[in-house]
Amino acid sequence: MKSLLKIEWIKVSRNRIFWFMLVIYVVALVLAFLGLQSMLENANQQIKDSGLDALPLLPTNIYLFPHVWHNLSFVARFFKIFLAVVMIILVTNEYAYNTMRQSLMNGLSRLELIKLKVLDVIILSAVSTVILLVFGFITGVSYSSDYSMWDMLRKLNYVGAYFLMLVGFLSFAMMLAFLVKKPAFTIMILLVYSYILELIPAFKYSDSFGEYLPLRSMNLLIEAPNTPVFDMLNISSASNVIPTSHIIVTLIYIGVFWSISYLVIRKRDL
Amino acid sequence: MEEFVLEVKGLSKTYGKLKAVDNLSFKLERGEVYGILGPNGSGKTTTLAMLTDVVLPSGGSFLWIGKKDGENNRKNIGSMLEKPNFYEYLSAVDNLKIVAEIRGANYSEIDIVLKHVGLFERRKSKFKTFSLGMKQRLAISAALLGNPEVLILDEPTNGLDPEGIAEVRHLIKDLASDNKTIILASHLLDEVQKVCTKMLVLKKGVKIFQGNVNGLEKDKVLIEVMAEDMELLKNVLSNSSDFNKFKQNDQIIQIEVDTDINKSALSTYLFENKVIVSHLAVKQESLEENIFELLKEMK
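Chains as they are written, first to last, in the working numbering: chain L, 1 to 270; chain U, 1001 to 1299.
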């Protein structure tokens, strides 16, 4: 395992496109975290200006413990496509350079070829989760005035759910990349599937299997924080709990994506 | 130490209707340099790809003798197939570090193999800046990492300039004297003759010849003879210096002669020794006919 980690590190650490994408992702994420509060304040100002006093104001104390974990996880959810693109490039590079074939000839097993990329999935997810943790901790400490240890940790399960969601989504991207081989094609398929193809049945059959479709199920791990505004607008997709059923379903999907990736590689001439 | 290093039994690969490799069987002896000779599309690369597990056979089997686990086999085989495969954006050293990690080789070997192929000065250059010849040599250096017993080199002189070709051939001979078993695929008879000790000729995925390279250089011709008195014929032949290599098949005697000795020399000799010949015909062995035909096509 240590050797596999070293191999991936050599490949990734000198890959400029990888760092370029990662920096863009981190900057976008941090800007979104930072900008969120002023965005909400701006919205409140507009509500006030409109003179509709009946409308409640949006909560702007988003960085307070313990809610900061839920709030930031929810925001970060929308940026995971960046990481998926990085993941797709890491897999399709191996096809482009024919290095998957060479690694196999050099002595890796087909299972190890998959393990290398699963490592990438886990590391990328972990990096993003750590950014979330660090940012949440800093803002939480600086904005919250009176908090207990319990307050600080109470909603940390959202960070765990965030990690799980990323592993799920990146595993899906990894599987697509193994199947399709070409980066542009894979990214296109991922976009079309996540923003069009899956949404149709997901909403049409939302009462039955719709919410257990892969990406929908992962997203439902972290729903929008339930605030009075959502209540008033009767938006049902807000919740302050992480559904256990979706944790289980996501774990199953992760297993399925890894297995399909392995089966594809096991049966394919490289 | 086992005598054989590889045993292949009925190995086949079909792509749709095309039989790329057809029921191939052979054994390879340890320490020899094998040339797999054949024109483009004869199944050389497909065969080697199956032996290195990157292509899955449609039928048959092979066994690297002395090893059971498929994975460890490959760590003990240095392979280069078709073209050098490396990460474009990594330096020569970083690329070799990845190979060393996979093969469980020490990083200290990297400088040694790079010096061996003359790339030490360029070790920090990115792979994409290399010329084809340098890429080819880097691939050979990667194959040497971990000091494998077997080397599989597919067209290793492809794209090299004459100087580079000579260097690579010299390198292969060097390695051969190191008691490594080398399998070299080539479409050049000349290359196989210069570098290899044994050869295996493929045509359209079928093995048409396997044997010593030296044996092939001297063209042999078979002459069939029948005589009224077979015993006399045999006696006369045994006493000659040019025709004493013969064997008897039923009522026909087959004599193996060098090409520069012709049929009339034999009939004159037999006539002088009072042998009455009832049949005399020149016949090449069909295997060799095939090779010669093939070699003609390849030129």
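Bear in mind the hints are in silico, worked out from the structure with no lab data behind them. The reader is advised that the hints may include incorrect statements.
[As the list claims (entries may be wrong)] Derived EDC-like pairs (lysine to aspartate or glutamate); straight-line CA-CA distance at most 16 Å: (1) L:Lys6 / U:Asp1094; (2) U:Lys1097 / L:Glu8; (3) U:Lys1126 / U:Asp1094; (4) U:Lys1128 / U:Glu1088; (5) U:Lys1263 / U:Asp1229; (6) U:Lys1075 / L:Asp269.
Here's how the hints hold up against the structure:
no. : hint                  : result
1   : L:Lys6 / U:Asp1094    : holds (11 Å)
2   : U:Lys1097 / L:Glu8    : holds (11 Å)
3   : U:Lys1126 / U:Asp1094 : holds (9 Å)
4   : U:Lys1128 / U:Glu1088 : holds (5 Å)
5   : U:Lys1263 / U:Asp1229 : violated (20 Å)
6   : U:Lys1075 / L:Asp269  : violated (19 Å)
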